[in-house]
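2 protein chains.
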Amino acid sequence: MGLGLIGGSLALSLKSAEYKVIGITRNKETIDSALKTNAIDKGFTELSSEALLDVDVLFIATPLSQIISDIKKIGSFVNKEIIVSDVGSTKSDICIFAKKNLPQNVIFIGGHPMAGTEKSGFTFSTQNLFKDHAWVLTPLDESTKNRNAVALLKKIIISAGAIPVISSYERHDQAVALISHLPLLVSLGLCQMARKRDQNEIANLTAILASSGFRDMTRIGGGNPQLNFDLISSNISQLSLILPKFCNEVENILKLVKENPETLKKAFNEISKWQNDLYDKNGKNTLLNI
Amino acid sequence: MGLGLIGGSLALSLKSAEYKVIGITRNKETIDSALKTNAIDKGFTELSSEALLDVDVLFIATPLSQIISDIKKIGSFVNKEIIVSDVGSTKSDICIFAKKNLPQNVIFIGGHPMAGTEKSGFTFSTQNLFKDHAWVLTPLDESTKNRNAVALLKKIIISAGAIPVISSYERHDQAVALISHLPLLVSLGLCQMARKRDQNEIANLTAILASSGFRDMTRIGGGNPQLNFDLISSNISQLSLILPKFCNEVENILKLVKENPETLKKAFNEISKWQNDLYDKNGKNTLLNI
Numbered sequence: 014m015g016l017g018l019i020g021g022s023l024a025l026s027l028k029s030a031e032y033k034v035i036g037i038t039r040n041k042e043t044i045d046s047a048l049k050t051n052a053i054d055k056g057f058t059e060l061s062s063e064a065l066l067d068v069d070v071l072f073i074a075t076p077l078s079q080i081i082s083d084i085k086k087i088g089s090f091v092n093k094e095i096i097v098s099d100v101g102s103t104k105s106d107i108c109i110f111a112k113k114n115l116p117q118n119v120i121f122i123g124g125h126p127m128a129g130t131e132k133s134g135f136t137f138s139t140q141n142l143f144k145d146h147a148w149v150l151t152p153l154d155e156s157t158k159n160r161n162a163v164a165l166l167k168k169i170i171i172s173a174g175a176i177p178v179i180s181s182y183e184r185h186d187q188a189v190a191l192i193s194h195l196p197l198l199v200s201l202g203l204c205q206m207a208r209k210r211d212q213n214e215i216a217n218l219t220a221i222l223a224s225s226g227f228r229d230m231t232r233i234g235g236g237n238p239q240l241n242f243d244l245i246s247s248n249i250s251q252l253s254l255i256l257p258k259f260c261n262e263v264e265n266i267l268k269l270v271k272e273n274p275e276t277l278k279k280a281f282n283e284i285s286k287w288q289n290d291l292y293d294k295n296g297k298n299t300l301l302n303i
Numbered sequence: 014m015g016l017g018l019i020g021g022s023l024a025l026s027l028k029s030a031e032y033k034v035i036g037i038t039r040n041k042e043t044i045d046s047a048l049k050t051n052a053i054d055k056g057f058t059e060l061s062s063e064a065l066l067d068v069d070v071l072f073i074a075t076p077l078s079q080i081i082s083d084i085k086k087i088g089s090f091v092n093k094e095i096i097v098s099d100v101g102s103t104k105s106d107i108c109i110f111a112k113k114n115l116p117q118n119v120i121f122i123g124g125h126p127m128a129g130t131e132k133s134g135f136t137f138s139t140q141n142l143f144k145d146h147a148w149v150l151t152p153l154d155e156s157t158k159n160r161n162a163v164a165l166l167k168k169i170i171i172s173a174g175a176i177p178v179i180s181s182y183e184r185h186d187q188a189v190a191l192i193s194h195l196p197l198l199v200s201l202g203l204c205q206m207a208r209k210r211d212q213n214e215i216a217n218l219t220a221i222l223a224s225s226g227f228r229d230m231t232r233i234g235g236g237n238p239q240l241n242f243d244l245i246s247s248n249i250s251q252l253s254l255i256l257p258k259f260c261n262e263v264e265n266i267l268k269l270v271k272e273n274p275e276t277l278k279k280a281f282n283e284i285s286k287w288q289n290d291l292y293d294k295n296g297k298n299t300l301l302n303i
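From first to last, the protein sequence lines stand for chains A and B. Per our numbering: the first sequence ends with 303, consecutive numbering throughout. Per our numbering: the second sequence ends with 303, consecutive numbering throughout.
Simulated from the structure, these hints should not be mistaken for laboratory data. Treat each hint with caution, since some may be false.
Treat identical chains as interchangeable: a pair holds within one or across any two.
With a Cα cut of at most 25 angstroms, we get these calculated SDA-like pairs of lysine to any residue [as the list claims (entries may be wrong)]:
#, residue 1, residue 2
1, Lys271, Phe110
2, Lys268, Ser246
3, Lys258, Lys286
4, Lys297, Arg228
5, Lys258, Asp229
6, Lys278, Gln251
7, Lys209, Glu183
8, Lys144, Leu301
9, Lys132, Ile81
10, Lys86, Ser246
11, Lys132, Arg232
Isolated chain A, as found in the complex (with noise of 0.2 angstroms):
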């Protein structure tokens, strides 16, 4: 469901790994790409249970925003178990209304394939986005039904090239916020005090010295401008906890500087040889190779 950069590319890698695959987006020409492409068996403009009819598992590849209002239309068109899992990159939310809110027979494991370029669109959807990317699934609780769903789910993962990472869904918040989030608004705010400055008293100056540095820290802000707004306010209850533990944590290097040079330039070591050791010399992280 949704036929997007996630969607799309998933389609064709499962399609490539002889899955029968069901596109449901409200877009036709999106269908007719796709079935010329040959990333789907069979497409449909919208959700019904003719749709759902020969589906076993139902991945939601729809806007973040809008996840949790398909997820709601989801119960009414089932009578048969399902299994049904998301792309969203915030899993407390859903993965929370997704219990309360779908029947006894659609069983719900959130997911996040952490993959994406900033190009959006079937277009740009490609057989290899998930290669060698983390898939994390968040299981609702233990139960043998979730465990049957998440081995089968993993299954199908680990034929579109990811490497599955099982979590529960605070845990996953917590991790993007960290990695994801927090980097994204740091990006967002490096932006706008230069955006700022550069209008007034030091006129371009700023501007004309932006390099290579400034550059990568500012590329995931300058993304696209919706995709930002929904991942930063998706996740707003992890980053409010979070923030100020990072500005902490700059104001403590700034007080070390005079205070403690020593334990800063320890410090600065210790960054250095984790940041180096997390990825390997073509930028690939090498934790997910274990």
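Since chain A is already given, all that's left is putting chain B on it; use the hints.
Just chain B now, with coordinates in the frame of chain A:
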């Protein structure tokens, strides 16, 4: 003076522009390599009246933490008029020290080439290091002597492939605080946050999920620890001024998510446009071509 990455690359590029280049560095082996690769015409292992005899323009390309003590020595070795510049990445402390301590016959113009790599040392020197990069010059005042010296330095810098940018030292330090030192501080802070959580309650989940966005945001923090310490500590007063403003800026983004999402979406649009306009598709600063 100093034949590391910056000094060595400057020597190489000036030699190829047919300047006569004298290299001064403690390490005899570096002088031998520099002579062998035709980076210098002549080399000295220490600063002396003899070494400076034929020198019209002296660039101090020693580590940031050493520049002030090198400026101190220069005065005692020169009797004739000489232009002295440096390549330190913050300018206020250096320029104020030079103004107070150098004799009349030394014309000091602070400098900062906005170029470099993670690598250091003469071995990594390259003739093209400065090509199309900004090189800031910070004259001490508007005197004719300084204006002539700036004109000559501009000519030399252009020969090395760089684009000269003239600024006061105060403005330079305000600008680099925003586009270089604040981003570095923030990058170090992001590493600390993820690294600390990594060690406790969310186990390795943060580290496993860290992909290209996090990698880019922590790349500069993971750089050379001693250089990172020198950069942060060299511009501590500007950083102390702007850090609270930065923390307010990011707190304000979180506040607007709930209170005024439309204003925030508009700001994210403007940020995205600003950031994308600042760099061309090859990642080059577009303002530098003007």
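Hint check results:
1. For the identical chains of this complex, Lys271 and Phe110 are inter-copy neighbours only, at 20 angstroms across copies versus 49 angstroms inside a copy, given an alpha-carbon limit of 25 angstroms.
2. In this assembly of identical chains, the alpha carbons of Lys268 and Ser246 lie at most 25 angstroms apart only when taken from different copies (10 angstroms versus 32 angstroms within one copy).
3. For the identical chains of this complex, Lys258 and Lys286 are intra-copy neighbours only, at 22 angstroms inside a copy versus 30 angstroms across copies, given an alpha-carbon limit of 25 angstroms.
4. For the identical chains of this complex, Lys297 and Arg228 are neighbours both inside a copy (20 angstroms) and across copies (9 angstroms), given an alpha-carbon limit of 25 angstroms.
5. In this assembly of identical chains, Lys258 and Asp229 lie within 25 angstroms of each other by CA distance both inside one copy and across copies; the values are 23 angstroms within and 21 angstroms between.
6. Taking the closest pair of Cα atoms, Lys278 and Gln251 come within 25 angstroms of each other only across two copies (20 angstroms); inside a single copy the shortest separation is 30 angstroms, beyond that limit.
7. For the homomeric pair Lys209 and Glu183, the shortest alpha-carbon distance between copies (18 angstroms) is at most 25 angstroms, but the shortest distance inside one copy (36 angstroms) is not.
8. In the homo-oligomer, the alpha carbons of Lys144 and Leu301 lie at most 25 angstroms apart inside one protomer (11 angstroms), although the nearest pairing across protomers, at 38 angstroms, exceeds that limit.
9. For the homomeric pair Lys132 and Ile81, the shortest alpha-carbon distance inside one copy (23 angstroms) is at most 25 angstroms, but the shortest distance between copies (49 angstroms) is not.
10. Taking the closest pair of Cα atoms, Lys86 and Ser246 come within 25 angstroms of each other only inside a single copy of the chain (23 angstroms); across copies the shortest separation is 57 angstroms, beyond that limit.
11. Taking CA atoms no more than 25 angstroms apart as the test, Lys132 paired with Arg232 passes in both settings, with 13 angstroms inside one copy and 23 angstroms between copies.
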